[in-house]
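Model the full assembly from the supplied sequences, consistent with the hints where possible.
Protein sequences, first through last, are from chains B and H. Residues 695 to 806 (my numbering) make up the first sequence, in order. Residues 738 to 849 (my numbering) make up the second sequence, in order.
Simulated from the structure, these hints should not be mistaken for lab results. Only a predicted model underlies this, so the values are computations on that prediction, with no experimental measurement involved. Ideal Cβ positions, reconstructed from N, Cα and C, are used throughout, including at glycine.
Okay, the calculated beta carbon distance ranges per label pair: (1) H:849 with B:745: 42 to 48 Å; (2) B:704 with H:794: 28 to 34 Å; (3) H:793 with B:708: 44 to 50 Å; (4) B:773 with H:778: 27 to 33 Å; (5) H:837 with B:699: 19 to 25 Å; (6) B:720 with H:845: 28 to 34 Å; (7) B:765 with H:777: 20 to 26 Å.
No more than 30 Å apart at the CA atoms, straight line, and that leaves these computed lysine-lysine pairs for BS3-like: (8) B:736 with H:802; (9) B:731 with B:751; (10) H:806 with H:754; (11) H:794 with B:736; (12) B:736 with H:755; (13) B:751 with B:762; (14) B:716 with B:736; (15) B:736 with H:808; (16) B:731 with B:752; (17) H:754 with B:736; (18) B:731 with H:808; (19) H:794 with B:762; (20) B:751 with B:716.
Residues per chain, in single letters:
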Amino acid sequence: GENVEQHPSTLSVQEGDSAVIKCTYSDSASNYFPWYKQELGKRPQLIIDIRSNVGEKKDQRIAVTLNKTAKHFSLHITETQPEDSAVYFCAASLDSWGKLQFGAGTQVVVTP
Amino acid sequence: EAQVTQNPRYLITVTGKKLTVTCSQNMNHEYMSWYRQDPGLGLRQIYYSMNVEVTDKGDVPEGYKVSRKEKRNFPLILESPSPNQTSLYFCASRGTVAYEQYFGPGTRLTVT
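What follows is the structure in C-alpha cells.
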C-alpha cells in the first residue's frame, strides 16, 4: 500500500520568514495530494491540494509543488504569521475518492 | 450548512464496556471513514465505507467494528475497549466528484 513520509516533524520559524514541509510517497500511481492544517483542539481542514497533472499550485501565501518523478511534494508558506502555527499533514490518494494515506504531521511554530 | 458531526465529543469509559461513537454527514457523500490520531503517528485509518452496506478495513482495524446501514451515518463500535484505544477519533466523508475530505470535530476517548 501507499506510504507517506513527512519531514520535518517540528519546524520553528520567525514571523515573516518562509516555511517548507516536504513529503515523499511510495506509490507512483497516486494522483491526488492534499495538505491539511490542524489547529490545536480542532479538526484537520484542507488548505490546498494538487493533482498529478499539475506541477505547482498557489493560493495567496501558500503553495504546493509536486515532483512525480521523484515522488515528492512540498508545502511552502511565505511571510509566515502567528496564525500559521498549527500541525500540517500531507496526504496521498490513489484515486479521486479513495483512501487518503497521511503523513505523520509537522508541528509549525511561528514566533513573533 | 455542510458538515460532519460526531457524538459524543468526549468519553471516559472503563475496559470492556461496549461503546458506540456516532458519525453523521449531510453532504450525501458516498465515502466515509474513521481515523484515530495519536501523537507522532498522524492520522491512521481504522475503517472506511464506499457506500451503504460496503465497508472495509483500514490500517488499524483491530478492536473496532463499523456499520453503514444508511448513507449519512457511519458509527464506530468498540465491543470491548482497552486502554490502548485511548485516542482522538475523527470521522470523515468525501464525495465522488470533489476531492476534498471533510472531518468531524473529533471524539476524545479515554479507556481506563
